[in-house]
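2 protein chains.
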Amino acid sequence: MMCGTVVVVLCAFAVMPILALNFTYETKYLDVPVDHFSFASNVTFRLRYLVNATHWRKHEGRPIFFYTGNEGDIEMFAQNTGFMWETAPEFRALIVFAEHRYYGQSLPFGNNSYSEPKYLGYLTSEQALADYALVIAHLQKDQDRRSPVIAFGGSYGGMLAAYFRMKYPHVVAGAIAASAPIFQFSELTPCEAFSRIVTADYNSASAECAASIRKSWAAINNVTKTDAGKSWLSTMWKLCKPLKTLHDVKDLKGWLSDVYTNLAMINYPYATNFLAPVPANPISVMCSHLPNSSLTDKLLVKSLFKAVSIYFNYTGSSKCLNIETEASSNLGDLGWDFQACTEMVMPMCSDGHNDMFEVQIWDFAKYSETCYKKWKVRPDEKRAVRFYGGKDISTATNIVFSNGLLDPWSSGGVLYNVSNSTVAVIIPEGAHHLDLRESNPADPVSVRTARKFHRKFIRLWLRNYRLPA
Amino acid sequence: MMCGTVVVVLCAFAVMPILALNFTYETKYLDVPVDHFSFASNVTFRLRYLVNATHWRKHEGRPIFFYTGNEGDIEMFAQNTGFMWETAPEFRALIVFAEHRYYGQSLPFGNNSYSEPKYLGYLTSEQALADYALVIAHLQKDQDRRSPVIAFGGSYGGMLAAYFRMKYPHVVAGAIAASAPIFQFSELTPCEAFSRIVTADYNSASAECAASIRKSWAAINNVTKTDAGKSWLSTMWKLCKPLKTLHDVKDLKGWLSDVYTNLAMINYPYATNFLAPVPANPISVMCSHLPNSSLTDKLLVKSLFKAVSIYFNYTGSSKCLNIETEASSNLGDLGWDFQACTEMVMPMCSDGHNDMFEVQIWDFAKYSETCYKKWKVRPDEKRAVRFYGGKDISTATNIVFSNGLLDPWSSGGVLYNVSNSTVAVIIPEGAHHLDLRESNPADPVSVRTARKFHRKFIRLWLRNYRLPA
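Just so you know, the protein sequences line up as chains A and B, in that order.
Quick note, the numbering used here runs 6 ahead of the 1-based positions in the first sequence.
Quick note, the numbering used here runs 6 ahead of the 1-based positions in the second sequence.
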């Protein structure tokens, strides 16, 4: 997992409920072209999608609820989008979760898929949307009365749901786009906005907590200046691999940044399972270990270890802290890193003053170099805005953009009504797409209201749905 | 030229005014990616576009009039779209004609461009639209106040103008889509509709004319049954290459079909130049040679030769009739044939009863085989509807669809208002995108009105144009 402020990864797929596998489905596959936009090759691959038709009234043309899969194994999304499961029966809807190409089992070139640009280059959002259009055509193909489709998605999946409605309004009748940072692109949103929201989350838990974290960077630097200090911290933090170099210290700080960001995204009001389990309201729990920012460096570093333990070792079963856990072995991370290095360029920065992070400037040239070294591709900073419109989405219809204000990704979210039919839903107490999760007794009123709002709009879209004459 | 009823070619590019080269422009080039929708390769090529900035008030953010080039050399479109030239001064607009990739000088792989699918496969409408979006970004890049863009196009270019507004509403403020047969796809329009309109054009010139043509197929078959008959016709018609086989006779009939169709498209109220010049109202002139459908076969065939002479030899300078003229050597034809064999599958047929053509059924399997033999690609019959929505375009905004009712392509045109902001303009006396041509004293009132209507809508779109905050 690399859900950090600088390494821009949307981490929707990382969140799993403690009670996993509540929802059941059939696993299906459809052959789709690797390249929808040329006739240069006719290679196809098997795209995976999950289907539950328990409630569907197919021949009455009842709707299809279609999750536009994002950067991860589609089964994780199926398990973490309880809202679709809970809402489908009322609408007699088919439930579909379509896997995003290059993730999970949907690998266009098998084990070679990630090997070089000539294979990996077809990992783009436009190709994914074209895949989804084919899956839908397939689902509707023997219907006398075509089912309207409602797209759902969270995070990057929410962006895809919204883009799907914008680009294929004839395929999708409406979209619930949860925590979709479609404004998180160059020149649309200040690069520091994300870090500031993370910081605000810790600040509202306690001002001392955010201040402690802000001070901790220097404390870590000071403590680890000497070999003895590195050794002390390594022992104290039970690092699986002791710190040896400055680079190791930098990695540790990077890992910490990611932890803070991840916790801000999954700061849910009930316990969830994210690689290791975390408790309800994890930021508050974590911050309870950081009540005092005026500690000495060593004491601060000590407290910090206790604090972050709730993230990596809440159950107490971890023998040592491995800051490389899941680093780059995870397909989701790898794929998103490529997407961030091509079309999904989301500038991020921090100033250490208005946020609690170390100073990090946004340097596109450097970013581009790093991308080229990793992937042999160059990011196209303006591409997403050129294709999807940036803030110029006034013609979009039938989209609900929902954002939790605890969620750092709300920095790039649509927080105002764009028109009568493209509207914003704000969930003040919500973290990353909380509204798409199954309902829970601990849910705040705002997310319950948001879900009612979603249902109201879905009903409206379906009522207004007309097939052309 | 193969502008026929069965070989589906949109022939906009073939029409040239007798007074050519009235309009002047700078020729420019922009490097664009061969493939906009993957990162598998970073090959680029030079896309040509023509610019006239005489009237443009760039720094006031005055509009860009942008012709979305279609299947031919862009200079032909620049010379045949007088409406843009005549309208630009009033709006202080920049005039741009962008060439469609794989036509004219815009060849992605130079001389190899047409050699095999791995080169030719990037000839798609989606790629062309992405090219245009880049050209526009380039034109706007040093503007403080971004110019709104009005897209214009005729025929396939009109389809592109409409699609451009649908898919890139943030790039294009509105579109004048003239004679754009966006409904000429499978299951949207009966395949015989096109042939019937051609027939109606000849019928309104004179019922005897259409009846003569309907009878002529059998007359030609009868006359050419014997070698002596073939020889007689070859001499009588001054064929450059005498008829020898049944296949030659079939080619002759194919050529005739194309002539009738072409004349229906360019049935303008003033003389124009189409390979060879034709007079004003060419169908009437032609039909004046076919006043009597009850002639004997030989006499009918004789009259027919006189009739079609107005098409291939109006000036009398042609020494012999070459039915292979321009057959497949023309890039425009070749390229369109490929597009018709991939995404632009437009079913065409005739029954010889309700129309004046020989019976020709629409056989997709056979069509697909022919395509595969020619190009090593298979047509995707449903692709255009999947990508562009078919008749399901209710969310489209700011598009004028204009159609002349003399134009056979109006069979696939949008002839009704789709919404308040996507409207139809009918030009009863108009042939193929007459409204985009420069004004002429012989223009019927309906086309003058249509042009006023276009201007009114352009004014409205520009008045309502808002940049996002």
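It cannot be assumed that every hint is accurate.
Copies of the same chain are indistinguishable here, so a pair counts whether it falls within one copy or spans any two.
To be verified - With a Cα cut of at most 30 Å, we get these calculated DSS-like pairs of lysine-lysine:
{"hint": "1", "residue 1": "K380", "residue 2": "K259"}
{"hint": "2", "residue 1": "K325", "residue 2": "K221"}
{"hint": "3", "residue 1": "K250", "residue 2": "K312"}
{"hint": "4", "residue 1": "K397", "residue 2": "K304"}
{"hint": "5", "residue 1": "K462", "residue 2": "K397"}
{"hint": "6", "residue 1": "K124", "residue 2": "K380"}
{"hint": "7", "residue 1": "K372", "residue 2": "K231"}
{"hint": "8", "residue 1": "K64", "residue 2": "K397"}
{"hint": "9", "residue 1": "K247", "residue 2": "K380"}
{"hint": "10", "residue 1": "K379", "residue 2": "K308"}
{"hint": "11", "residue 1": "K312", "residue 2": "K259"}
{"hint": "12", "residue 1": "K308", "residue 2": "K221"}
{"hint": "13", "residue 1": "K458", "residue 2": "K64"}
{"hint": "14", "residue 1": "K64", "residue 2": "K462"}
{"hint": "15", "residue 1": "K388", "residue 2": "K64"}
{"hint": "16", "residue 1": "K34", "residue 2": "K388"}
{"hint": "17", "residue 1": "K147", "residue 2": "K397"}
{"hint": "18", "residue 1": "K312", "residue 2": "K221"}
{"hint": "19", "residue 1": "K379", "residue 2": "K124"}
{"hint": "20", "residue 1": "K462", "residue 2": "K256"}
{"hint": "21", "residue 1": "K372", "residue 2": "K147"}
{"hint": "22", "residue 1": "K124", "residue 2": "K382"}
{"hint": "23", "residue 1": "K462", "residue 2": "K379"}
{"hint": "24", "residue 1": "K147", "residue 2": "K388"}
{"hint": "25", "residue 1": "K124", "residue 2": "K250"}
It is worth saying that the hints were derived from the structure and are not from the lab.
Point to revise | Up to 30 Å CA-CA - K397 versus K64, copy category | key: between (37 Å within a copy, 23 Å between copies)
**Study point:** Up to 30 Å CA-CA - K308 versus K379, copy category
**Key:** Result: close neither inside a copy nor across copies, 37 Å intra and 74 Å inter.
Check your understanding: At most 30 Å between C-alpha atoms: does K372 with K231 qualify within a copy, between copies, both, or neither?
Key -> within (27 Å within a copy, 77 Å between copies)
Exercise for review: Using 30 Å as the alpha carbon limit, work out where K64 and K462 are close: within a copy, between copies, both or neither.
Suggested key: For K64 and K462, only the intra-copy Cα distance (22 Å) is at most 30 Å; the inter-copy one is 46 Å.
Exercise for review: State whether the alpha carbon distance between K458 and K64 is at most 30 Å within one copy, between copies, both, or neither.
Suggested key: Only inside one copy: K458 and K64 sit 25 Å apart there, 49 Å across copies, limit 30 Å.
Review point. For K250 vs K312, is the C-alpha pair at or below 30 Å within one copy, between two copies, both, or neither?
Key: within (22 Å within a copy, 95 Å between copies)
**Study point:** Homo-oligomer pair classification [K388, K34; C-alpha up to 30 Å]
**Key:** between (36 Å within a copy, 22 Å between copies)
Exercise for review: Measure nothing new, just compare the shortest in-copy and cross-copy C-alpha distances for K462 and K256 to 30 Å and report within, between, both or neither.
Suggested key: neither (48 Å within a copy, 62 Å between copies)
Review point. Between copies, within a copy, both or neither: which fits K379 and K124 at Cα up to 30 Å?
Key: both (16 Å within a copy, 28 Å between copies)
Point to revise | Within, between, both or neither, where K124 and K380 count as close if Cα-Cα is 30 Å or less | key: Both, since 14 Å and 27 Å are each at most 30 Å.
Point to revise | Within, between, both or neither: K147, K397 at alpha-carbon 30 Å | key: Between copies, since 17 Å is at most 30 Å while 35 Å is not.
Check your understanding: How would you label the pair K147, K388 (within, between, both, or neither) given a Cα cut-off of 30 Å?
Key -> between (37 Å within a copy, 12 Å between copies)
Going down the numbered hints, you'll see the structure goes against 4, 10, 20, 23 and 25, while the others check out.
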